[in-house]
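*Asks:* Whole structure, please, built from the sequences with the hints as guidance.
First to last, the sequence lines map onto chains A and B. Read in the working numbering, the first sequence has 152 at position 152, and its numbers run on one by one without any break. Each position in the second sequence, counted from 1, maps to that position plus 1000 in the working numbering.
No wet-lab data here; the hints were simulated from the structure. All figures in this text were calculated on a predicted structure; none of them were measured in a lab. Note that CB positions come from ideal geometry on N, CA and C, so glycine has one too. Please note: incorrect hints may appear among the correct ones.
As the list claims (entries may be wrong) - Over 12 Å on every C-beta distance to chain A, these chain B residues come out as not near it, computed from the model:
| no. | residue |
| --- | --- |
| 1 | Glu-1096 |
| 2 | Thr-1118 |
| 3 | Arg-1233 |
| 4 | Gly-1286 |
| 5 | Leu-1330 |
| 6 | Ile-1375 |
| 7 | Phe-1391 |
| 8 | Arg-1417 |
| 9 | Asp-1489 |
Claimed, not checked - Every beta carbon over 10 Å from chain A, so not counted as near; a handful from chain B, in silico:
| no. | residue |
| --- | --- |
| 10 | Glu-1025 |
| 11 | Glu-1035 |
| 12 | Ser-1237 |
| 13 | Leu-1309 |
| 14 | Thr-1325 |
| 15 | Pro-1373 |
| 16 | Asp-1492 |
As the list claims (entries may be wrong) - The following label-pair restraints were derived from C-beta to C-beta distances:
| no. | chain 1 | residue 1 | chain 2 | residue 2 | range |
| --- | --- | --- | --- | --- | --- |
| 17 | A | Ile-366 | B | Leu-1115 | 35 to 45 Å |
| 18 | A | Arg-361 | B | Arg-1390 | 34 to 44 Å |
| 19 | A | Ile-364 | B | Asp-1465 | 26 to 36 Å |
| 20 | A | Ile-61 | B | Asp-1082 | 49 to 59 Å |
| 21 | B | Ser-1406 | A | Ala-228 | 51 to 61 Å |
| 22 | B | Arg-1078 | A | Ile-21 | 18 to 28 Å |
| 23 | A | Leu-191 | B | Lys-1371 | 53 to 63 Å |
| 24 | A | Ala-228 | B | Gly-1397 | 49 to 59 Å |
| 25 | A | Phe-72 | B | Arg-1093 | 54 to 64 Å |
| 26 | B | Glu-1331 | A | Ala-228 | 30 to 40 Å |
| 27 | A | His-311 | B | His-1208 | 25 to 35 Å |
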Amino acid sequence: MLGTTVTRGKEKAAQGRTWKIRVEKRLEAPAWWNAVVPMISITLALLFGAIFLKMTGYSPIKVYTIMFKDTFGTRYGITETLVKASPLLLSAVGVSIAFRMQLWNIGAEGQIYVGALAASWVALTFTDLPAYIMIPAMMIAAAFAGGLWAFLGSAPRAIWGVNEIITTLMLNYIAIFCVEYFVYGPWRDPLSFLFPLSPVFPKSAWLPCFGNTRIHLGLVFGIVAALAVGLLLSRTKWGYEIRVIGENPDAARYSGMSISRNIILVMLLSGAISGIAGMCEVSGIIHRLQAQVSAGYGYTAIIVAWLAKLHPIGIIIVSFLFGGLLVAGYSVQIYGIPADIATMLQGSLLFFVLGVEALARYRIRIIRSSPEPAHHATPGVARKIT
Amino acid sequence: MPQKEENIIEMHGITKRFPGVLANENIDFSVSCGEIHALLGENGAGKSTLMNILSGLYKPDEGEIFVRGRRIQIGSPRHAIDSGIGMVHQHFRLVENFSVSQNITLGMSTPRFRLDMTAIEDEVSALSKKYGLQLDPRAEIWQLSVGEQQRVEIVKMLYRGADVLILDEPTAVLTPQEARELFATLDRMKATGRSIIFITHKLDEVMHVADRVTVLRGGRVAETVNKKDVTSRQLASLMVGKEHSAVLPDKDTLQSEPVLTLSDVTAYGDRGTTALDGISLEVRAGEILGVAGVAGNGQRELTEVITGLRRAHSGTISLHEQDITNKTPLEIINSGVSYVPEDRYGTGIAPNLSIVDNIILKSYRSRVTSKGPFIDYDAAKRQAKELVERFQVKTAGIHSEARLLSGGNAQKLLLGREISSDPKLLVAAYPTRGLDIGAAEAIRSILINQRNQGVAILLISEDLDELIRLSDRIAIMFEGKIMGTLNRDEWDIEHIGLLMAGVPDIQDEEALT
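*Replies:* Next comes the structure, spelled out in structure tokens:
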């Protein structure tokens, strides 16, 4: 049976005809929907951005052309896109596994920072290690730190039911301040002319790059992580538990799964992956610790994960798209257009994807019927719109 | 079509379609002034749909409705009540922290400005006295029992001037005694010339209160008859289309060993009140122990305490003399307890996961279904196919989502999964609630089958007929206590009903009345 049928809009008796607009819930979304919804959303987001550009006096077509050409039309644009996509990909995979269990880990940003911090500690302390030990050691340290940070947010949730959105969010600021403490204080490079930078890492602590580009091994880590998490969720017992808990915690409890234990474990994994994202930034790009490790990757990752509907392959694709958007934002700056246009596009993308998806659950029917009150409720012409 | 004067309601040729279902097909239905008209039928026969059309919630696809001889269109519940038709739904539509009087006036367009609550309260008391519906107009809804809340709904409709009152399965939530009071009220309303439409699937109620009966079957009218011209047996066959019953083979289970033993178990409910108050009972191998009682008297807490989902505050629970009190759900599952929970979509299955994923919900840890850390999905699919076939679960395929299953098929899947682990004890809470007769019968014969194979079954139900048919013994629960346990040869409905209402002995009831 149909749950509710909302009838909106007044009946308009014009020219002897009755018009009715009905908004009703779809029982099931058609299969082609998954492909069409993102297309519509992207178009709407671009239109929305165009209105803003127009209002501020830029030509939307020109700006979009520049953005597209500089990002996907040049070698530099493409490699930079991949560079930006790497941390997004890793941390989006990290948050997505928590989201799968309805655990709202908003702390990827903080987990990136502590990951970077721990990796830097290894690189700056054990300077003599050869690369084949140094890199894995940095990764382990970063994963451990990110996991610990997520644990600090999830333990209160597992034990007392404290809302993890608040704890993980607040821990972000603590992580950022910790990094600042070290780069302004004990780890400041004496040669940095008082800039908040640590000394440059030894060469053995640099992630190898592809050819002469800035694309580093972190991209491979990201793709591997996405595939591994995909396998974990769809094939393993643990992944099965995560899916059941995410869909119906009561059924999970009923079948003997421990929810607290899974909250802790999933958050450890989620934080560890974001921690590695932080390590890749310092080890692959900056080669030292600085006050700003991440350009908000941990937050953007949340949008990426949602847009991809938490699907690992989707996350890979959306990460590249968003990496491209970041690069496009920088490229239009040269023409005096604020880079924030890219951020705004990201925001409106999420907005329209969520909006279109919610609307797609309904359909609108226009019912035209004869002037005589429809005691037989002649369906007349029923036209589906969306 | 000519209208008879005395018919306050006439519905002609009503047809209503839902996607994939023809809920009502060319239904003719009429109610005369001052009659109690029972609308009888199984779940899914189209009773509620027809009445939702009359009360303005749905619009019919075809057909016409006459009220007092005038053809009208009922566009909304407000429109219905303006025409004198009021419906009391199975799920009440009341605001918990408003008073009775506030709820009764809520949404009314008069008075426009000043609310004189005292005057309204006086009117409400006068109305409720007139019909014998005891109510305190100042009490807030959350303080009231379910039976009292139902009275609020009835008074609400009377206050708004309903001449025709539709009651959707009103006794489902009442004790037999409360139900009797309700019937007395209905008689009083009839005497004042009001008409009552009474939706039910309980034959004894029909025989008790109705003047006329319309039996619906599969969305069509099977027949409309005067009560005095039929027997309940005839009505039953009209309703079902055929007579049926599964009979419990006699078996002497009194000698067999106890599987589950509870002694003096107490536990708290969700709100911290005592939900189980010193429960002692045992379930033996190869028997069905039925637990009767009005829902909300501790049945859910009882099942949860046994399955480890709720902590026992004191007392002990043992399975084959092994203490399982406050063990984790997993330990209890592993010791051989299966559980069909009350809320099948909310607890028993994960509705958005596939049928395969739902079938391995309890077995995914086992060696058969997994290899190391991985789930062996080939084995899982085989299990799913087998189970779907064996229990005749109708599905679009084992990879479709479980939420797409109908109630009966979801329950077959759930019960099938629970018994496929060869349990020693099966706890089944309301396993046939909301199912159509065919599915309910299938579920019942699975339960009987399990009993005959030596499984100990704790069956909780609010359907007394079902308990009497299936149980070897019946324990009656009231306010967290076991009021008594009766063997097959010592029970009668009246006695069980009294115990359900908390009256411990027949003599006491006589003293009360």
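*Asks:* Compare the structure with each hint and give your call.
*Replies:* Structure-based check of all given hints:
1. Its beta-carbon lying about 21 Å from the closest one in chain A, Glu-1096/B satisfies the requirement of being farther than 12 Å from that chain.
2. No beta-carbon of chain A comes within 12 Å of the beta-carbon of Thr-1118/B; the shortest separation is about 37 Å.
3. Look at Arg-1233/B: its CB is around 31 Å from the nearest CB on chain A, clear of 12 Å, so calling it non-interface holds up.
4. Every Cβ of chain A is farther than 12 Å from the Cβ of Gly-1286/B; the closest lies at roughly 26 Å, confirming the non-interface assignment.
5. Non-interface status of Leu-1330/B relative to chain A is broken: a Cβ of that chain comes within 12 Å, the nearest being about 3 Å off.
6. Residue placement check: Ile-1375/B does not keep its beta carbon more than 12 Å from all beta carbons of chain A (closest about 6 Å).
7. Listed as a non-interface residue, Phe-1391/B keeps its Cβ farther than 12 Å from every Cβ of chain A; the least gap is roughly 19 Å.
8. Distance to chain A contradicts Arg-1417/B as a non-interface residue, since its nearest Cβ pair spans about 10 Å, not more than 12 Å.
9. At the 12 Å boundary, the C-beta of Asp-1489/B stays outside the reach of chain A, the nearest C-beta of that chain being 37 Å off.
10. Separation of Glu-1025/B from chain A is adequate, the least Cβ-Cβ distance of about 15 Å exceeding the 10 Å criterion.
11. Interface exclusion of Glu-1035/B from chain A stands, the closest Cβ pair being 26 Å apart, more than 10 Å.
12. With a closest Cβ-Cβ approach of about 27 Å to chain A, Ser-1237/B is found to remain outside the 10 Å limit, as its non-interface label requires.
13. Not every C-beta of chain A lies more than 10 Å from that of Leu-1309/B, the closest at about 6 Å, which undercuts listing it as non-interface.
14. With a least CB separation of 17 Å from chain A, Thr-1325/B remains clear of the 10 Å interface cut-off, as annotated.
15. Here Pro-1373/B does not stay apart from chain A, with its beta-carbon only about 5 Å from theirs, under the 10 Å limit.
16. With a cut of 10 Å on Cβ distances, Asp-1492/B stays outside the contact zone with chain A, its closest approach being about 36 Å.
17. For Ile-366/A and Leu-1115/B, the hinted distance range of 35 to 45 Å is satisfied, since their beta carbons lie about 41 Å from each other.
18. With their beta carbons about 36 Å apart, Arg-361/A and Arg-1390/B fall inside the hinted range of 34 to 44 Å.
19. For the hinted restraint 26 to 36 Å between Ile-364/A and Asp-1465/B, the CB-CB distance of approximately 47 Å leaves it violated.
20. Restraint check, Ile-61/A to Asp-1082/B: a C-beta distance of roughly 58 Å satisfies the suggested window 49 to 59 Å.
21. Against the hinted window of 51 to 61 Å, the Cβ-Cβ separation of Ser-1406/B and Ala-228/A comes to about 38 Å, which falls outside the hint.
22. Checked against the hint of 18 to 28 Å, the pair Arg-1078/B and Ile-21/A passes, with Cβ atoms roughly 21 Å apart.
23. Look at Leu-191/A against Lys-1371/B: about 56 Å separates their beta carbons, and that is inside 53 to 63 Å.
24. A beta carbon spacing of about 29 Å between Ala-228/A and Gly-1397/B contradicts the range 49 to 59 Å that was offered as a hint.
25. Phe-72/A and Arg-1093/B have their C-beta atoms about 57 Å apart, which keeps the hinted 54 to 64 Å range intact.
26. At roughly 32 Å, the beta-carbon separation of Glu-1331/B and Ala-228/A lies within the given 30 to 40 Å, and the hint holds.
27. A hinted range of 25 to 35 Å for the beta carbons of His-311/A and His-1208/B is inconsistent with their spacing of about 58 Å.
Hints 5, 6, 8, 13, 15, 19, 21, 24, 27 from the earlier list are contradicted by this structure; the remaining hints agree with it.
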